[in-house]
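J.: Full structure from sequences and hints, please.
FYI, in the UniProt record's numbering the residues of the sequence shown are 1 to 157.
None of these hints come from the bench; they were simulated from the model.
Hints may be right or wrong, so weigh each one.
Quick list of in silico lysine-lysine cross-link-like pairs, PhoX-like style, CA-CA up to 20 Å [unchecked claim]:
id, residue 1, residue 2
1, K103, K48
2, K123, K103
3, K103, K128
4, K72, K146
5, K147, K38
6, K21, K9
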Amino acid sequence: MTTEEIIQKVLNNFNGLVKTKNWGEIGLFYNPENKLSKGIYLLTFKEKDGANDKASNVNREGVFRLNLGVSKESFYQLFGNKPKRPKAGQIIDMPFDFTELDKIMPHPVYGWMNWVCVLNPTKETFNKLFPLIEEGYNLALKKYEKKMIGYNNVSCP
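T.: Written as structure tokens, this is what we have:
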């Protein structure tokens, strides 16, 4: 699948999402009516290596990485444990080849935050990932509601 095919599939299935460029990456954020300056992350696409994130070698021709935040429970179910936060410029300590295509695995930098990734997912792998996208969407809804409650409770002098 291409990034555009994935973006269209996700936009067609979930309301309130906005496609944005952020940190040089394409991202889908939950931000109905653009009430927040950026919105809440749902997923991102990394299409080039960055200074602190080269582990997936996405500078290869035609390679991209889909990144997605999931629940702690799903992360543990998928990978058995949660890695420690790596030092700046380093990757998590888990036994994965982060350059492997079409495999759901922890995000090489943000796995400690329950983020997962897949490089160039096929339709079959995307279909396996879809329930996690749905879960990520529901997490984004909750974060958005919590943020909006905070905004609505701010009193003016």
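J.: Are the Cα atoms of K103 and K128 separated by 20 Å or less?
T.: Holds - the C-alpha atoms of K128 and K103 are around 10 Å apart, at most 20 Å.
J.: When you check the alpha-carbon spacing of K72 and K146, does it fall within 20 Å?
T.: holds (19 Å)
J.: Within 20 Å, alpha carbon to alpha carbon, are K21 and K9?
T.: holds (18 Å)
J.: Would you mind confirming whether the straight-line C-alpha gap from K123 to K103 stays at or under 20 Å?
T.: holds (12 Å)
J.: Sort out whether K48 lies within 20 Å of K103, counting only the CA atoms.
T.: Holds - the C-alpha atoms of K48 and K103 are around 18 Å apart, at most 20 Å.
J.: Has the given pair, K147 with K38, been kept, meaning a C-alpha gap of at most 20 Å?
T.: Satisfied, since the Cα-Cα distance of roughly 12 Å is no more than 20 Å.
Comparing the model with each numbered hint stated earlier shows that all of them hold.
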